[in-house]
Amino acid sequence: DVKVTQSSRYLVKRTGEKVFLECVQDMDHENMFWYRQDPGLGLRLIYFSYDVKMKEKGDIPEGYSVSREKKERFSLILESASTNQTSMYLCASSLIPTGGGKTQYFGPGTRLLVL
Amino acid sequence: DAKTTQPPSMDCAEGRAANLPCNHSTISGNEYVYWYRQIHSQGPQYIIHGLKNNETNEMASLIITEDRKSSTLILPHATLRDTAVYYCIVRSSNTGNQFYFGTGTSLTVIP
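Note that the protein sequences, when read in sequence, are chains R and A. The working numbering puts the first residue of the first sequence at 1, with every later residue one more than the last. The working numbering puts the first residue of the second sequence at 1, with every later residue one more than the last.
These aren't lab readings, by the way, just hints derived from the structure by calculation. For each residue, glycine too, the CB sits at the ideal point set by N, CA and C. Please note: incorrect hints may appear among the correct ones.
[Unchecked claim] Short derived list, chain R residues pointing at chain A, Cβ under 10 Å:
#1 V4
#2 V19
#3 F20
#4 G63
#5 Y64
#6 S75
#7 I77
#8 C91
#9 A92
#10 G107
#11 P108
#12 R111
Build out the structure end to end from the sequences listed, making use of the hints.
Given below as structure tokens:
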């Protein structure tokens with residue numbers, strides 16, 4: 001079974017803090033993704049990566065950065081956390097960069113509260 | 001990607017089959033139909049996907065109409081653990097990389 005793990009299930013941070021969310025997948029997938037999920041807005045793509053050290057902006061990259069130093073690990077960084085970044089953060093991975101029929105597998109999510 | 005329409009909520013008796021419908025009348029020939037579900041406060045879980053043939057796996061069956069304008073996800077023997085929000089997603093091979101999750105169907109399995 002594909003396994004995508006995220007470093008924390010729940011996180012509470014203060015405004016202005018630098019926040020690191022880590023994601024690890026064990027299936028040698030090339031593609032990894034970071035989404036955030038908010039009530040009424042569905043899932044929105046923040047960043048994705050199709051290879052080590054490669055990254056592409058999604059729909060809402062402002063206020064975030066990412067790092068992919070190893071194939072299995074994709075980190076999301078909130079440079080200076082703000083209250084509007086309170087959300088559920090979901091990491092996903094998939095086998096091939098593009099193409100229909102290629103499933104994305106999601107981690108359990110990190111619920112971040114910024115005070 | 002084609003837009004999908006799902007009923008906002010459904011109930012199903014435990015042990016009975018749950019049939020979740022999805023309309024995707026604007027689907028094009030290279031678009032796949034995916035189903036995911038999300039149990040409260042967890043990440044979305046992949047269930048099944050298909051292009052035009054019916055598909056079955058250990059979790060569910062996917063029935064796609066001949067004209068591909070609609071599909072039905074079938075959970076053959078619903079359990080309380082199947083209570084979740086179910087998302088029908090249509091995605092083409094030419095799409096960018098993300099999945100667009102709509103509002104889905106909230107399925108409640110009743111004892």
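We went through each hint and held it up to the structure:
no., hint, result
1, V4, "8 Å, holds"
2, V19, "19 Å, violated"
3, F20, "19 Å, violated"
4, G63, "18 Å, violated"
5, Y64, "15 Å, violated"
6, S75, "17 Å, violated"
7, I77, "20 Å, violated"
8, C91, "8 Å, holds"
9, A92, "8 Å, holds"
10, G107, "5 Å, holds"
11, P108, "5 Å, holds"
12, R111, "7 Å, holds"
Of the numbered hints given earlier, the model fails hints 2, 3, 4, 5, 6 and 7; all others are met.
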